[in-house]
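K.L.:
Hey, can you work out the whole structure from these sequences and the hints?
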Amino acid sequence: MSGLAAARPESSAAARPALEISGLWKSFGQLTVLRGIDLTVAEHEVVCLIGSSGCGKSTLLRCVNLLEPIDAGRILVEGVEITAPGVDVNRMRRRIGIVFQSFNLFPHMSVLRNVTLAPNKAAGKPKAQAEAEATDLLERFGLADKRNEYPDRLSGGQQQRVAIVRALAMAPDLLLLDEITSALDPELVAEVLNVIRELARGGMTMVIATHEMGFARDVANRVCFLDGGVILEQGAPADMFSHPREARTQQFLERIIAAGRL
Amino acid sequence: MRGLGFGGPLDSGDSILRSGGRPPVRPRFDQSALRSTLVALISTVVFFAFVGFVAVNAPGWSAVQQSFFNGRVWQESVPDVVPAFLTNVQLFCIAEVLILILALAIAVLRSLPGAVLFPVRLITTIYVDFFRAVPGVLIIYILGFGIPGLGIAGVPTDPFFYAVVALTLVYSAYVSEVYRAGIQSVHPSQEAAARSLGLSQFQALRYVVLPQAIRRVIPPLLNDFIGLQKDTVLVSYIGVVEVFRQAQIDEAASFNFTPYVVVALVFLVITIPLARLTDWLVARDRRRFLASAR
Ligand SMILES: Nc1ncnc2c1ncn2[C@@H]1O[C@H](COP(=O)(O)OP(=O)(O)OP(=O)(O)O)[C@@H](O)[C@H]1O
Ligand SMILES: [Mg+2]
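Note that the protein sequences, when read in sequence, are chains A and B. Under our numbering, think of the first position of the first sequence as 484, with each following residue one higher. Under our numbering, think of the first position of the second sequence as 865, with each following residue one higher.
A few of these clues could be false.
Unchecked claim - Per the computed footprint, the stretches of chain A lying under chain B, defined by three or more beta-carbons under 8 Å from a beta-carbon of chain B, are:
| # | stretch |
| --- | --- |
| 1 | 504-516 |
| 2 | 568-579 |
| 3 | 583-596 |
| 4 | 599-612 |
If you are wondering where the hints come from, they were derived from the structure by calculation, not from laboratory data. Glycine included, C-beta positions come from ideal geometry on N, C-alpha and C.
P.N.:
Structure below.
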């Protein structure tokens, strides 16, 4: 925020990771899903989380967004500990955008209102300003003509793009994407993935849970394989996909190849 | 005609075949739909004519006619009873507004999570259980006679006041359950999406959950309105001179039941349109649901 930091963005980025997770544990009753996750994401980095179904990718993202209370560990966003007791969770969440597999648009609101609701009500922007900014964003993602439509009149791909715009409207420092193409027909997947590629080019810091290995290879700076509640292996996509070190990673990738998804 | 569901679009082709020998000209309207409407109409008329015939020819008909459908008493009681109905309308309108507000507050309080709010949930749950368990008439009696009977200075003595309070308390218990069902029908992912954007719990409720919940419960709410409309006569027990009490007064004066028939007709005239509206809304929601289910 200070003039000094603004003048030297690169040095501050190098000094401070966008996201820092250490020793994160999470269980649902008897079931322990996350057993000590350590993950650091640098500013402008795109990290893909892969792993078999039920391994806890969604849970991890929901914890980072404070939608799930955690059992142990710390999560820092831009150097601020969001899991510290007594923090204002609403304020923290505004810095972290999340997009869900099932879009979760508000069906009773127009596209424009879906996008402006949080900037207007949570961030307190005047309505006119929120609408002008939302219109710009919608235009950028090819949705300008849909601004007055209701979500049920849009295709799945359009709905998911609106959900992405809705998260971006809060100008988050960090964007979490949870299998955002899994609920889409195959021919609609590309339009959503292209949006993410564009965001990555624009320098958005993202953590992406995905089953689209081709996309992960293409867009990720780093791929993390989640297994048994920990990040078992991580590395550059080229290394991870061609020379996985761990036996579990090899098995997982073989299954994926057999299913024709890589 | 077609829209009313008496026959699908395919039936028109059939009806040309069945009517035999006609040139295959596309009919201007759906003939089989017209036919089924006619059949429905005729069978209804025949049925009610039969019922009427049996009643009119029953041995006790003239006595019944005298005491329930007496033209002279009718003429005398209509100018009494119909204005008295305004009291019911007033009662209904005031109570309804209060019920909608109180019930919403109860439903929201009961839906709040968190251990700290357990006492709030407990109190509201007891409230709802209590007022759904005790017959409404008893509540009206207890409040209407009991509280003024305490003789505390400054406490209202107007029975109309207690009528409003009693109906509000009883109906809020039911209506809060309707609201609560609506709140629970909104998928938790909607609240998660709202919270993830940084909206507070109250804002998520106010802008995301409640608008969807209330939209879904409008038909059952209207259903409860119909019940409330009719239950406004119960306050006659504590001396509010409303339509039913007025009919009792007229009955006592004329030794004739016709005033009650007038009351019944007044309620029919008011309630049937509301019932039709409710059914129409339910049907519309159903169509929308089927359309959006794809
Ligand atoms: N709210 C919850 N209550 C109880 N158990 C849960 C809850 N949410 C998730 N789980 C369990 O936690 C485990 C991890 O779930 P999660 O959704 O994080 O997996 P995932 O890696 O996202 O799987 P997928 O690839 O299928 O989306 C699963 O066994 C799931 O059943
Ligand atoms: Mg998941």
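K.L.:
It remains to establish, for every hint, whether it holds in the given structure.
P.N.:
Going through the hints against the structure:
no.: 1; hint: 504-516; verdict: violated (count 0)
no.: 2; hint: 568-579; verdict: holds (count 5)
no.: 3; hint: 583-596; verdict: holds (count 7)
no.: 4; hint: 599-612; verdict: holds (count 5)
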